[in-house]
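What follows is the residue order along each chain.
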Amino acid sequence: MDAIIETATRELSYAQAIQEAMAIAMERDERVFLMGEDIGVYGGAFQVTGDLVERFGPERVMDTPISELGGAGVAVGAAVTGLRPIFEFQFSDFATLAMEQIVNQAAKMRYMLGGAVSVPVVMRFPAGSGTGAAAQHSQSLEAWLGHVPGLKVIQPATPHDAKGLLLAAIEDPDPVMIFEHKLLYKMKGPVPEGHYTVPIGKADVRREGRDLTIVATSIMVHKALEAAETLSGEGIDIEVIDLRTVRPMDRQTVIDSVRKTSRLMCVYEAVKTLGIGAEVSAMIAESEAFDYLDAPIVRLGGAETPIPYNPELEKATVPQVDGIVQAARDLVTGAR
Amino acid sequence: MDAIIETATRELSYAQAIQEAMAIAMERDERVFLMGEDIGVYGGAFQVTGDLVERFGPERVMDTPISELGGAGVAVGAAVTGLRPIFEFQFSDFATLAMEQIVNQAAKMRYMLGGAVSVPVVMRFPAGSGTGAAAQHSQSLEAWLGHVPGLKVIQPATPHDAKGLLLAAIEDPDPVMIFEHKLLYKMKGPVPEGHYTVPIGKADVRREGRDLTIVATSIMVHKALEAAETLSGEGIDIEVIDLRTVRPMDRQTVIDSVRKTSRLMCVYEAVKTLGIGAEVSAMIAESEAFDYLDAPIVRLGGAETPIPYNPELEKATVPQVDGIVQAARDLVTGAR
Amino acid sequence: MAGKAKNGAEKPNGANLPFLYRHYDHETLRGALRKMHLIRQFEEGAEESYMRGLIHGTMHLSIGQEASAVGICLGLTDEDQITSTHRGHGHCIAKGADVSRMFAEFFGKTTGYCRGRGGSMHIADVSTGNLGANGIVGGGLPIAVGAALTAKKTKSGNVVVCFFGDGANNEGAFHEALNMAAIWKLPVIFVCENNGYGMSTSVERATAVKNIADRAAAYAMPGVIVEGNVVSDVAQAMHEATERARKGEGPTLIECKTYRYRGHSKSDRNRYRTKEEIEEWMTERDPIEMFEAELQELGVIDMAGIEAIRADVAREIAEGIEFAKESPMPDVANLEKYVYTEQA
Amino acid sequence: MAGKAKNGAEKPNGANLPFLYRHYDHETLRGALRKMHLIRQFEEGAEESYMRGLIHGTMHLSIGQEASAVGICLGLTDEDQITSTHRGHGHCIAKGADVSRMFAEFFGKTTGYCRGRGGSMHIADVSTGNLGANGIVGGGLPIAVGAALTAKKTKSGNVVVCFFGDGANNEGAFHEALNMAAIWKLPVIFVCENNGYGMSTSVERATAVKNIADRAAAYAMPGVIVEGNVVSDVAQAMHEATERARKGEGPTLIECKTYRYRGHSKSDRNRYRTKEEIEEWMTERDPIEMFEAELQELGVIDMAGIEAIRADVAREIAEGIEFAKESPMPDVANLEKYVYTEQA
Ligand SMILES: Cc1ncc(C[n+]2csc(CCOP(=O)(O)OP(=O)(O)O)c2C)c(N)n1
Ligand SMILES: Cc1ncc(C[n+]2csc(CCOP(=O)(O)OP(=O)(O)O)c2C)c(N)n1
Ligand SMILES: [Mg+2]
Ligand SMILES: [Mg+2]
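Line order of the protein sequences matches chains A, B, C and D. The first sequence: position 266 = 266 (my numbering), numbered continuously. One gets my numbering by counting positions in the second sequence from 1 and adding 1000 to each. One gets my numbering by counting positions in the third sequence from 1 and adding 2000 to each. One gets my numbering by counting positions in the fourth sequence from 1 and adding 3000 to each.
Next comes chain A alone, as it looks inside the complex:
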């Protein structure tokens, strides 16, 4: 954890931390404004914008019609002409409607125009399962955007990082996509007051250890830490890396860790195939860390299925602490 966190005492929820970041940015820079469905008087589907419309007015906390493609495109157009829009998707699943503007326009405009413009837009994606909202409201799609040059893609796991990374994103000249796990919104943690940033592109070693490196993203960071705690009771010492940024990925931090531990496991909620863990694994398997590997690289990802409604099925679809404990133990003890 950063030094900053140690000194902070105040606790905020993840949602409050995001809200605070947006408020600070709007106060500091009048170009910053928010767009999204029901982010005004409703406060956002997950109450992330909350009462911001009362503080900043409906011109800066703009409710949009239910028009994801158009809304994202308006944000892109506003960004390219000098504003700093933060566009909230009500659920990350609805990014499927706006991929055109995100991928063909926002991500590529600067390149296609040979550097003549920048597109400083921020898009926020409430993501993930665990709310009983079934297959069309529970997806984790960060790997899609991680595959797209021109975008930056982040997945904060703590209130501290949510605020700091969002502030970094708003100040970034390029399009930044933020995947926020819905189950994290209520999680509390220390958050410094005022303005600070967490750098995009830097992973964070959340726990040091020598037997195994676990690279986790978003909510899985917490599950991995819990698993690590359990296993430390068995004398197994796990290093947990919070990847934080999907694109550009922090190769070095992972490589350094694997060189030390000789074992790697990736834990992520998205569908296993072609999820973030595939990239982390491949990145290590082609790196200088390969020679240090003592065991196969294990991935724990989501099941190869849409997210089911039934809560037991839903839980079984994504990695849980028990599964992480088991897989990590097997990997370290060679039972695998």
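FYI, nobody ran anything at the bench for these hints, they're computed from the structure. Source: prediction; values computed, not measured. Cβ coordinates follow ideal geometry from the N, Cα and C atoms, glycine included. You can trust all of the hints, since none of them are fake.
Derived lysine-lysine pairs resembling DSSO-like cross-links, with alpha carbons at most 30 Å apart:
{"no.": "1", "chain 1": "D", "residue 1": "Lys3185", "chain 2": "C", "residue 2": "Lys2210"}
{"no.": "2", "chain 1": "D", "residue 1": "Lys3155", "chain 2": "C", "residue 2": "Lys2210"}
{"no.": "3", "chain 1": "B", "residue 1": "Lys1188", "chain 2": "B", "residue 2": "Lys1315"}
{"no.": "4", "chain 1": "B", "residue 1": "Lys1315", "chain 2": "D", "residue 2": "Lys3325"}
{"no.": "5", "chain 1": "B", "residue 1": "Lys1202", "chain 2": "B", "residue 2": "Lys1260"}
{"no.": "6", "chain 1": "D", "residue 1": "Lys3210", "chain 2": "C", "residue 2": "Lys2247"}
{"no.": "7", "chain 1": "A", "residue 1": "Lys188", "chain 2": "C", "residue 2": "Lys2266"}
Below, a sample of chain B positions facing chain D; criterion: calculated Cβ distance under 10 Å:
{"no.": "8", "residue": "Asp1063"}
{"no.": "9", "residue": "Ile1066"}
{"no.": "10", "residue": "Glu1068"}
{"no.": "11", "residue": "Ala1133"}
{"no.": "12", "residue": "Ala1134"}
{"no.": "13", "residue": "Pro1306"}
{"no.": "14", "residue": "Pro1308"}
{"no.": "15", "residue": "Asn1310"}
{"no.": "16", "residue": "Pro1311"}
{"no.": "17", "residue": "Glu1312"}
{"no.": "18", "residue": "Lys1315"}
{"no.": "19", "residue": "Ala1316"}
Got chain A; can you put chains B, C and D with the ligands on it based on the hints?
Quick look at chains B, C and D with the ligands alone, frame taken from chain A:
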């Protein structure tokens, strides 16, 4: 290569092979029909549907308005109610407009309804760079759809496979997405007459070898074979696997090969990060083949950039034969 | 079901009766009332079960909108199809689904219509022609057009109804779907249930025109505005649209002006509308009360008959909940079943 | 540029002259004609360069559509912005770009507007307010609305013009963009260049209404149909739309009826339209010929003046091609430059 190919003498282009598959399917099954932009009298942007509208009439070779989301959704609706639509995207890049219907509806409908329906739709995506059409007409997006349970995703590399896999796709009860590299359309190869299928989910060992396994997709299969030919002159013996299906991926064929060769390289055109090669690499790194690996797993994928217009830049964006030769040689000789 | 009675109408009181009474016999009309009660009590039962923790996730209740669901589906057969929305319980029941299996679905059980995989947002009963609720606002629009394309291509004579909300009318899918339906003259009826709000955003703030039906002109199709809480008005507009569709003359857009009594979903603080507005709709324009009054006036039913329906519906709901409670949970081992079609 | 002359109009022949002649001075009018020639000759030069292998990829030529590009951009300043389309060379020139740098772009050179990264389909000159052509049909529509939102929020007084084709009007993006522009009363002018076809698909086969402008009603904005090959008609409609936009009264949809002489792109067999149709447009309604006749009639220019313009334009085009030929190719080492903004 399959035995079938050996006996075939007739040559067709890849585009002709696809057209023939569609004609055969339409003749055999009156539920089959085609939808897409300018596939009628224009014959399709790449002349794949060609004159089919003259043979089958405009009711079965339906021009749609420029409405990718709606058009894909109409195909999904027709499929779920008993027809067998084949939907052509004019360029795979326009899938960005239809991800909602592809991913939230086609892929998930059967699951969400507990098995009450099937969605036998086929979607065809002309993909890839090399035509000077720049960033919004040159993407390779198969990894996105490969990440989606409920879909099957294929990438035929030869006229023979294009016909056989397409016929298999049309007969498949579930949604099948076909990525066709535009530069392959004019490539000729032996294609058997009449009806036959190539199984979805099976990779093909295009060339046997003992020093290195190259897993390649689509047009890269041909570049890899060319590289292998070159290196065989240097006494380096390369096995080339044509992955053919992205989802579900044929683990066993790759594992078996790597156990034999002890080295793996993945060659694909899409952006390297989070492309197909990431999955192939990770799949091997977590498999029993891990213990047989003598060297890092190398990926040659597309550069981390949108596809540029300038032809020299464009070429530099994706793997070429020289680069494959070099990387393979380095990997086998340990220079890496 | 109700549709079967279409040709045996009794025409109780002569020709200047509202359409409904000219066209349908008394039994059908009483059946329609029963369905409205069934919807309302289903929603209430679902709400209560949610409060008690028997249902998880979220839910969008259609209390107050029963007339449009029932009025639209009244003349449809099981072969006619609908696509529904996140606020789809009423459509599902109106189309003929069994409330037991709906509750079972909401309870996440294997006996549910979706075997516990779909829940409220994906409730469907394909056997009675409901292709499913949809979690994506506007998601069902092109699918309905595709279903209508099948009807046209196979000359089945079926029509397809596409339910959607006022909020959905600002999605690109709406535009693309209506345009294609129009140019291909497909047998599809677009039914916009305009309850004044998409979540918290009023039609005035989200939509550039006053009436959603005004947009029909952009597709050269008839656009009909109806009092969506009056069964007879809804049914009449629907009847005309159906005739038109079955004759191959193409789609119609029907806008039902209605209102939802409850919040948008289970997480609504209701800050965007006034108590007075809600009160007014509930007391002045309740679809069930208005229909009951009309039926009584025309001698189709009396108070005792109404009470009997209510009681019978209450029993059916209670039984449905019981069935759902007692049904088994899915086996986690089957997690990946139904992703792909099982092949022989 | 031309716009600067707006207030110095000479009003040559009294009040019942067409708008253009009342509003702009002779020099501006001659400048407009010159731009039309510049566009036509640019397209011809590009076409020839393509045939000779100097340009690769594909291209969409706007020959025949010069009046709409020039008539629309005539009154705009460099601060007013446009979004353009795949058929965007004319827009780019009309807005003030330098043809040398455009040719350089098509030749893939570093001196090109996009440093060789964009080519024809992404041609842009941000310095004169062109935010770029777009490879995605309809892709520029919401972006233009976003630019107009910036204009409104910053009270810049600028307007934004969004060019798009008849084919684009069936994209969902059209619907979403026009709706948002209308509800927020943004200073954006939607200019549909209806050339009768989206690639091979005629408006009749693709669009449910006869005129694209008919759809303006669905967004409660004015929808204006103009003879798109008549500069004066285009400029007048545009002038009114601009006034409206600058006054904060919101968007307008202008439909310019026009025609493209060439095939859709470089791979068109032209099977979907007749020779006669093409002939008729070329001989009866050529925008440049009509404008020249008008200008001569009104004494704005004589034949010698026209010849001088043509020759001067020919020289500019030849110089532009020469510049492009001689410019350097990008260095492959810079492949990944411009993906992200270089930070200090
Ligand atoms: C594409 C999409 N965007 C947003 C949402 C979130 N959402 C669910 S229902 C709803 C409001 C829909 O309004 P309307 O169409 O009027 O239907 P109503 O809820 O009033 O019945 C919203 C915004 C969604 N499910 N899908
Ligand atoms: C989203 C999308 N769909 C399809 C295409 C392929 N395409 C390019 S131009 C075009 C026709 C566009 O027609 P219209 O809007 O009328 O413009 P015009 O070419 O007539 O100027 C098509 C189908 C595309 N570039 N983008
Ligand atoms: Mg509503
Ligand atoms: Mg056109």
